[in-house]
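Fit chain W to the given chain S structure using the hints.
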Amino acid sequence: MMAALRRNTELSLILLGALITAGAYALGSLGRLSTLPADIVPFLVVVLGLLLAAHVATRALAPGADGTLLPLAGLLNGLGYVFIARLDEDLAGLQATWTAVGVGAYILTLLVVRRVRDLQRYQWTFALGGIVLLLLPLVPGLGRTINGARIWVSLGPVNFQPGEFAKLALALFFAAYLVERRELLSRLLFRVGPIRLPEPRHLLPVLLAWAVSLVVMVAQKDLGSSLLFFALFVVMLWISTERISYVAMGGLLFSAGAVLAWTQFGHVQDRVDIWLDPWSDAQGAGYQLVQASFALAWGGLVGTGIGLGDPGRIPAAETDFIFAAIGEELGLLGGTAVLAAFVLLVGVGLRTAVRSDHPEPFEKLLAVGLTTIMAVQAFIIIGGVLRVVPLTGVTLPFVSYGGSSLLANYVLLALLVRISDDSARRAGEVPERTRATARVGRR
Amino acid sequence: MNRQIRRLGAALLVCYAALFVQLNVLQLGRASEYNDSPLNNRKIVRDFTNPRGRIITADGVVVAESVPSDDRFRYQRTYPTGDLFSQVTGYFSFTYGSDGLEKTYNDQLAGQTQRQRVRGFLDLFVDKLRVGDLSLSMRADVQQVAKDELAGREGSVVALDPRTGAVLALWSAPAYDPNELASHDPEQTRLARERLLAEPGKPLLGNAYRERYFPGSTFKVVTAAAALEEGTVTATEPVYPVRREYVPPLTTRPLRNFGGSACGGNLFAILRVSCNTAFAEMGVQVGAAGMVAGAQAFGFNDTPPIDLPRPAPSRFPDTSFFEQNDPLLAQAAIGQNEVQATPLQMALAVAGIANGGTVMAPYTVEEVRDERGELIEETEPQVWHQAVSPATAATVRDAMVGVVQDGTASRMQIPGVTVAGKTGTAQLGTDPPSSHAWVVGFAPAENPRVAVAVLLKGQPGVSEVTGGTLAAPIARAVMETVLAAPDPLEGDPDAPPTTPPSSITVPPPDTGAPPDTSTPDTTTPEEETPPSATSTSAPPQDEEPDVTIVPPTTVPTASTPAPDAPPEAPPTDPSTTGAPTTDAPSTTATTSPSGPTTAAADSGPPGTGTTPSVG
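Each protein sequence line maps, in turn, to chains S and W. In terms of the working numbering, the first sequence has 192 at position 192, counting the first letter as 1, and numbering is strictly consecutive. In terms of the working numbering, the second sequence has 489 at position 489, counting the first letter as 1, and numbering is strictly consecutive.
Next comes chain S alone, as it looks inside the complex:
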């Protein structure tokens, strides 16, 4: 059966991924210290354990889901961990903990969310929750500014970014709302010049939510998330209404906003200048980008080998610039592998969306939204590191160090897995006995 096939594929891919991760870990230690890591066996055991736990949960709870989602995420996570361990052992310990928590969240999400469309009911909860989460860092005493962005909240010893979860919440809200109103929104009656707009009152709540989010993000100086959010909104509007005008409008708005930001905000100008020519201030503002380019060039085709390069020179190599570290030590081949992993993830996510054929396209839209978040976020940060676009501070999903990011991404993954499983069930790809345990029923 398809489901069994997928799960077996998933199992073998997970095993492969775990071996690759362990191998990379060993190479990293050999490269740096010329000795095998003392904890290589426990490491392998833990990696396998976590991934197998997630796999078993998927077998039990979402057996029809696509079999490549989890292994891809696991591989990226493992690779990221190896590099974090190579760069900073303390952070590695934390990342390991967060990975475990993340896998736990994955399983929990699969457990809690049995039918994705049930989430539709909570759209306003999600909207409110999302905005609250966004605003949380601005609360004095609770929020903290790190690296110029006030997006962090500290609870005791732990710093987390509520914004990562806000993205998920707001994506859920958008999907739900747009599904309800898409007919209305697709009727573009109003004409303002060459632009056709829908009736404002339909668009208003969404616009409001979006605008508030944007303002908050700008106030927090989190331009990367603003861009991500904007893209998410435009894409979901377009997909739900099937009106390309929204993309055109979005493009116009974005250009206007970008020009406005560039003229009004000094730090935006700086970012653009450094993007165009980081060597103009190679020791100051451009240092990070220059070092990233040097690191990538040094890696060449096959890289220097894990542990044998010098990625520590790049500021934020464990977080935003981890791709440069990978590019240096694994070369063009390794960097392309990571790119390919993301392309595959996005591809599977979109295919899940396409295959989702419930009459109420909430799941379809949600899948698109979730995939878009991951795709655009990865594009923004890799593009920033490679100087294809100006640099903004977002994490590379699954790879960068960051607890909140990892958690949120695993929840995102679980939702995608759930949606994939739902379509598989409806397509009859899941055998009877599994159906029973999942207590699903067609509605």
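Think of the hints as simulated: they come from the structure by calculation, not from any bench. There may be inaccurate statements among the hints.
Chain W side only, calculated, beta carbon under 8 Å to chain S, not exhaustive [as the list claims (entries may be wrong)]: (1) Cys15; (2) Ala18; (3) Gln22; (4) Leu23; (5) Asn40; (6) Ile44; (7) Arg74.
In this text, a Cβ means the ideal position worked out from N, Cα and C, and glycines have one as well.
Only chain W this time, still in chain S's reference frame:
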């Protein structure tokens, strides 16, 4: 919606394709540009933490090597011979980069050349530590003699093999100890470098091949070669009038000989005593075009292709400079005014004369071998300039032999060897008077194995004696040391053809001097075998009364000339300009300085481009 979703997928794919393209650009396309950027420390760190090959002289002395060290750099670059080879090996420092062979052969020493890295297919995937060892053509014993003879005075010594261009010695003082700059302690390195930069003699510069000086009378060798090549002069014609001064065309300002002496005669005579007036006129007769072409034929205005970083080209002004300006041309012909030469260039010039008119490209590294001893690179001697024809070279050579036998360079004589040379004094116009003392030469003249140039900076005194007294003994010691060892090219079928041994004859100095009394033994105008020649050469003489023209007896050619001795006169030596040294050690002391008419010779050029008058 599915259609839109698919379009979204395509759009995202395009975006990621752009990322892939840019990744290629950064990691492959522009990689070498980024890797070589001076802002990029990665190369330096890698080179500094890896071992480097050794640098070894031709006589087996290790002058640079990497020894393991306990700190984070893992290897310490040491220079066992201290400052002796500092100008050649250069230094290898973390913060200040590198110089010398450490720089030009950096990739070979670090084992990073393509050839060293990829010796087999597997090497594409495996990275091993490799190094390359450099074998120098230079000899530590000769270098040590150069250093000892210079005895702490500021100056340079360059010795090379004229047949191949291999550098045998390259020394200039003051020098520095590269160990100080290779230290792992940044503070120590910084202090050392500051101290060296502040030192007045510019020890870090490598004066032997990077600093230019007025060559003085040593340039007359080039002038003579140019004139012979152009046909303006021959070994016997013209015979320049004996006079104290010469007024070039287009001016009224006379050009004088050193010390106000008078001199003249044929080529051999005027070279022997280094006659300013004659050579100045010769330069004007050759003309600007001929002089420029002649100088450039020897390598002036061209950068010597030596395998050390940033060698300086020597300068001879171009023809436009001399347009309507014969006085400047006259001065240039005697190595003054705008002529500037590095010691390396002067050594190359006489090496060209020694090598039948062909100047070979200089090099210091003979071979590069990898850590297994396998040959990676080998230097093939290359021709740098075809300066003059072999006939011209032979004539100049013979004239230079005369300079050593009984001219200003007698202190360069080596028992049993025919030596060719030329002295030079470049006056510096200081008060009290001082000058650069030069000497150039090669030996053995009939089959030269070594060509040298010696420069002593800022010596007291301004007479031609300065060059002959102070610099010549250094040149002699260096040449003796080279000749004491067996010829490395002996029996080598690939050795470049040497100029056929010709008889060295020193024709009578045809200054037209009447047969003089005080010259018992002298160069008889006969064919002489080299070993005997020197022993019978007359000591430098310093007097010369009147001069009569005597036709030259021999024209030195490859064949053995059988000169017909002119019936009269034991050829006395040089003309009125007088031999170099009044205080010359008379080796075969026959002639006693008698004539008051000639003062001690100095026809050395007043060096600093001032008006060509004495002093």
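Evaluation of the interface hint that places Gln22/W against chain S, nearest CB under 8 Å: holds (5 Å)
Asn40/W as chain S interface residue, shortest Cβ-Cβ below 8 Å: With Cβ-Cβ at 5 Å, under 8 Å, it holds.
Restraint outcome when Ile44/W is required to lie within 8 Å of chain S by C-beta distance: violated (11 Å)
Agreement of hint Ala18/W with chain S interface, Cβ distance less than 8 Å: This interface hint holds because 6 Å falls under the 8 Å limit.
Given hint Cys15/W near chain S, where the shortest CB pair must fall under 8 Å: holds (5 Å)
Status of the hint placing Leu23/W at chain S (closest C-beta pair under 8 Å): At about 5 Å, which falls below the 8 Å cut-off, the nearest Cβ of chain S leaves the hint on Leu23/W intact, so it holds.
Per-residue hint verdict: Arg74/W, partner chain S, C-beta under 8 Å: Status violated, d = 12 Å.
The structure is inconsistent with the numbered hints 6 and 7, although it conforms to all the rest.
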